[in-house]
Amino acid sequence: ARLNQVNPQQVIFAQQNPDVIDQGVFHNDVIAVSNRQVLFCHQQAFARQSQLLANLRARVNGFMAIEVPATQVSVSDAVSTYLFNSQLLSRDDGSMMLVLPQECREHAGVWGYLNELLAADNPISELKVFDLRESMANGGGPACLRLRVVLTEEERRAVNPAVMMNDTLFNALNDWVDRYYRDRLTAADLADPQLLRGGREALDVLSQLLNLGSVYPFQREGGGNG
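Residue numbers (my numbering): -3 to 222.
In case anyone wonders, no lab produced these hints; they're calculated from the structure. Don't take each hint at face value.
Said to hold, decoys possible - Computed beta-carbon distance windows for the label pairs:
1. Thr67 - Asn156: 47 to 57 Å
2. Ala184 - Glu63: 42 to 52 Å
3. Ala104 - Gly194: 41 to 51 Å
4. Arg129 - Gly105: 19 to 29 Å
In this text, all values refer to a predicted model and were calculated from it rather than measured experimentally. Backbone N, C-alpha and C fix where the C-beta goes; we use that ideal spot for every residue, glycine too.
Start from the sequences, fold in the hints, and give me the full structure.
Structural data, given as structure tokens:
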């Protein structure tokens, strides 16, 4: 909050419900997601949730909470489908789109709830489903694959332009992955010096692609780009 220069009078430190942590909710983005004034969360997401939502209503103009009842979607189903590791995005017409993993559509209870949500009176007007099985197998849903950073125009101009995605960079990164990413790793590989050399070469090339300079210690020690 301090690093982002949030007004101390507006800060609310919300505690995640310890009970859901014990049920596999290792990050808050597995049990809640927000966009602008809308919070989409499970009924059991936070400790003292009613009080938290009342505080948010008092401090955030137009605040709306969409709470998913435990009777319709259990915590375990929310975790297994990554319902809340979704992306809630604004549309040009002022409504919102929920970007979801395929697992949500394949779960009858979760998909049934989501279609009820579409028909209800709330800003969410569209569901967009993607097959993210490779990412999901490694613990990453839509929220893990897309980081949204809000910047002023001045802040955006200060960002290194080489990290801004475009077709050229997309193709270069794909080529980088194809060249360096191992599709398997054995115990014997961990004792092979080539694993270290290959990893360093990959990082060195990546930092050149993104024009980051020498960000890793091995580069600053004379083994990489400047």
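(request) Give me the numbers of the hints this structure contradicts, sorted from smallest to largest. (result) Per hint list: zero violations.
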